[in-house]
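Undergrad: As they're listed, the protein sequences go chains A and B.
With the first letter of the first sequence counted as 1, position 84 gets the number 84 in the numbering used here; the numbers rise by one all the way through.
With the first letter of the second sequence counted as 1, position 152 gets the number 1152 in the numbering used here; the numbers rise by one all the way through.
Hint data in this document are derived by calculation from the structure and do not stem from the laboratory.
One thing to keep in mind: the hints can contain errors.
Derived DEER-like restraints, expressed as beta-carbon distance ranges [to be verified]:
#1 B:1251 x A:237: 50 to 58 Å
#2 A:484 x B:1074: 30 to 38 Å
#3 B:1224 x A:432: 37 to 45 Å
#4 B:1114 x A:432: 32 to 40 Å
#5 A:352 x B:1059: 27 to 35 Å
#6 A:582 x B:1086: 50 to 58 Å
#7 B:1166 x A:325: 26 to 34 Å
#8 A:425 x B:1114: 53 to 61 Å
#9 A:538 x B:1328: 33 to 41 Å
#10 B:1166 x A:344: 25 to 33 Å
#11 A:425 x B:1257: 27 to 35 Å
Even for Gly, the Cβ is constructed at its ideal location relative to N, Cα and C.
What follows is each chain in one-letter form.
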Amino acid sequence: MSYNPFVLPFSIGLVIVIILILWKYFRWVFSHEKAEQKKIVKLIFSFKIFSVIKEIFMEVLLHRRIFKINPVLGYMHSSFAFGWFLLILGGTVESKLHSHHAFNMFYEPIFFKFFSHNINGFPFANGFKFLMDLILLYILSGLVLAMVKRLYKRMFGMKKTTKLRLVDKLALTSLWCIFPLRLLAESLTSAQYHNGGFLTDNFGNILAAILPVNQLEYPAWWAYSIALGVFFVMLPYSRYMHIPTEMVLIILRKAGFKTEKKYTGFSRVEVQSCSRCGVCLDACQVYSATQRNKMLPAYFLQSVRFNKKGKQGLTDCLMCGRCQEVCPVGIGVNAIRRVKRNEVFDEKGAEFEYLKDSDSKTKKADVIYFAGCMTHLTPTIKKSMVNLFQKADVNYWFMDEDASVCCGRPLQVLGKEKDANILADKNRELINNSGATLLVTSCPICYKIFKEEYNLNIKIQHHTEYLNELVNSGKLKPVNLNFSAVYHDPCDLGRGSGIYSQPRELLSKISITNKLENEKEMALCCGSSLANLPAGFDDKELMAIKAAEELCKSNPDYLITACPLCKKTFVQACNERKIGKNVKVKDIAEMLAEAVM
Amino acid sequence: MSKSVIVIGGGIAGMEASAYLSAMGFNVTLFEKDEKLGGHLLNWERLFPTKRLGSEVLTFLKKGMDDKIKVHTNTNITKINSENGKYFVTNHNNEIFEADALLITTGYDLFDARRKEEYGYGIYDNVITSAELETMFLSGKPIVNKQGKVPKRIGFVHCVGSRDRKVGNVYCSKVCCVTAVKQATEIREHLPDCETYCFYMDLRMYGAKFEELYNEAQEKYGVTFIRGRLSEANETIDGSLLVKVEDTLVGRPLKMTVDLLVLMVGFEPSKGTKDIARILNLSTNSNGFIEVVDEHTLTNVTNQKGVFVAGTTTSPRTITNTIYDARAAAAEIACYLNLYTIESRVKN
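Just chain A, with the same shape it has in the complex (with noise of 0.2 Å):
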């Protein structure tokens, strides 16, 4: 057995860190319920952990995601994941090959070429000199893009990085002197013994040139072990400990684990698996449009995270979704915000004496119609609405036609679960009486809390679906009216809902429609999200006038949207008081009304 007391700082850190990670997965894990324990056992033996594998080594390795959205930051990424995984793999195979023992102690791969000086005669020796300079190559050049990066942050497509905290600096500082220190103690062995590869034996030899290697070669061993060791300890509280999480992330997302109502471990999965990389700055419009920071994901997670008071981070979001879009981990952000919001905000505090007084008639018919109040605060949409459902000679009741009681998102989306499920309760009461089998809404908003949370036992259909099957089926015949139209996705009903394709599919058959740089996953939130009540009204102008100038660019006849809140927002936006120019902002299903005259 080689032993030297260098070797102990990495040691002692590897141990700390695995006690550490272990207990922090035992917690993870044994907080969640019997029932959801067993859906992870069931994972491991089934065929899906193939996939999971898969998934782990394409993306906590080799950082797929992220090389979609940069391949130079895909590159810098993977080359200390797959690159440090290369090593340790390489490092064991060699260390073991040369020892001819299976066994051997677990630093001895990490410092092989201190303790093996004669490193010939084993298989594939010179091959593995090679190699394993080569691997410490890889992952200097992405250390050296890690460091350019910090300076020219626009050459890996991001316009801002984020800010650390002292623990990630340390961490960080830990981590970048790790190879090259490898590479030094490394070379200054070569020096001596010529036991080293490409690089570290020509490197070796310019040191030996210059310097005392013999003397500088011990202390160069325990400085890498030491840089090891302070990284270690500093992982589980830095950011770096996305590393050991995101594959249980991706085990447990696979085994069906969701943050739903509560802050659960796999909340708590999910907040670590964040590795502050950045990716979502730029995405968020509330961020570029006033430079306020904390609430982007990298910040707010972190707060969560460490438990940090203050309710900017978490108040001051449109809950717009974009973000979660470019997550290269794939963090459900959203879900994590509306539980924290809950915990702070959710106590019962409106009475809804209205609710009593309100007549609780149902009317029987095949369809609901549920305008929803931002629609009555947009009457065309209404009334077109009406018109439709006429010349489609459907049988239909206007739920909310007089007295209308809000389906409960608004509230819900700040997080007054209780107060939200009073009025759903209301509503649901009065959709079930009504004997339909389908309830169509114009709001996207009031359709996703009745998808989601509802649990009703009838279809649901935003009108966007249900106009497009009525032309679809002949009931409804458009003229093409041939004018050119952009398709603005509302964030609840694109990518809240994941409803794109047949608001397009009803578009292209009454106008021509321009293509767009953002749209779908990555359309631009109107600014106006009821969710975020920090943002005052110039903010949420300044952000409505970004997306209207993208939105127009092609000088488009009409804008058209789908939700009557963002319809809204655009009218006052696209003037050529605001954006320079003047287009028609009008809802789907008006366009229609007006095809099908």
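With chain A's structure known, arrange chain B on it following the hints.
TA: Using the frame of chain A, we list chain B on its own:
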């Protein structure tokens, strides 16, 4: 040869300023885009707070216009050049007119109530604007709704397009409150059985005899004032309108049906004002009206030497104040053209 002034816009301010300038001996040319002089005054039956006829004021203004004033109606301005302190104004027929000074009196347009979609203008039959009600008064025909029925209840919505950040207008249009009071009392005069409700934020009865008119509306005419902004209007089957309001004095939401809903539309800089501002490179203020050099002391002076403004071109104002302002502008122009030393106070 006496100096010449071109006045652009033949409304109240343009007419009154032309009259004074001509009387002072200047050569005045007045351009008006429409067929007749008089601007918005042509559409108004009676004026607050006196309830005298608008046509009487128009007659007074016309009397001031002597024969020397060259009036060009149905005329649009396409280009204005300036050279050596002279202005050259080109009309849509490419005729060029020369002047030593310009007076811009292009005024205001009424707010397009369609932009306040929740009130249903242009969507529901019986939502009309204050200007349309005035047209009804002016026509002398009986007051009926779209279905031909005599309304039993009429609602007046204050501040439509004024003091409303959401539509981009933060300013008060100054005349709508008192117009609503005037129109509501007139309705009570025309239709004694018709209830009238005014939905207001606060009532700005700042002018002489405005407050008296408001008191009279309540005491003599029985107009009901409800403090609270309308949130939305819905059309019912018979064409009446269900309005939702929060009564902020009682502190509870209120629902009510009205047979006619009158929107008190505010002022916005007119298209003509915006066009002229662009042509002459005049600075505009945050509300889009033409900016004067000093709001206290140089109220008719623009950032362009020799270009003056009067009336609602710079901000909403009443007819009375527009007439004052037109006369003030005439005096200012006279000082400028005759090089009176008092003019040295103007720095630009």
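Undergrad: For each hint, tell me whether it holds in the structure or not.
TA: Hints, verified against the model:
Take residue 1251 (chain B) and residue 237 (chain A): their Cβ atoms lie about 52 Å apart, and the range 50 to 58 Å holds. At about 35 Å, the CB distance of residue 484 (chain A) to residue 1074 (chain B) agrees with the hint of 30 to 38 Å. At about 41 Å, the beta-carbon gap between residue 1224 (chain B) and residue 432 (chain A) stays in the expected band of 37 to 45 Å. The supplied range of 32 to 40 Å is met by residue 1114 (chain B) and residue 432 (chain A), whose beta-carbon atoms lie about 38 Å from each other.
Our hint of 27 to 35 Å for residue 352 (chain A) and residue 1059 (chain B) is violated, since their Cβ atoms are close to 60 Å apart. Range check, residue 582 (chain A) to residue 1086 (chain B): Cβ separation about 35 Å, and the 50 to 58 Å hint is violated. Checked against the hint of 26 to 34 Å, the pair residue 1166 (chain B) and residue 325 (chain A) passes, with Cβ atoms roughly 29 Å apart. Taking 53 to 61 Å as the suggested C-beta distance range, the pair residue 425 (chain A) and residue 1114 (chain B) does not conform, at roughly 38 Å.
Under the hint 33 to 41 Å, the C-beta atoms of residue 538 (chain A) and residue 1328 (chain B), about 36 Å apart, fit the expected range. Restraint check, residue 1166 (chain B) to residue 344 (chain A): a C-beta distance of roughly 29 Å satisfies the suggested window 25 to 33 Å. Roughly 29 Å separates the CB atoms of residue 425 (chain A) and residue 1257 (chain B), a value that falls within the hinted 27 to 35 Å.
Checked against the numbered hints given earlier, the structure breaks hints 5, 6, 8 and satisfies all the rest.
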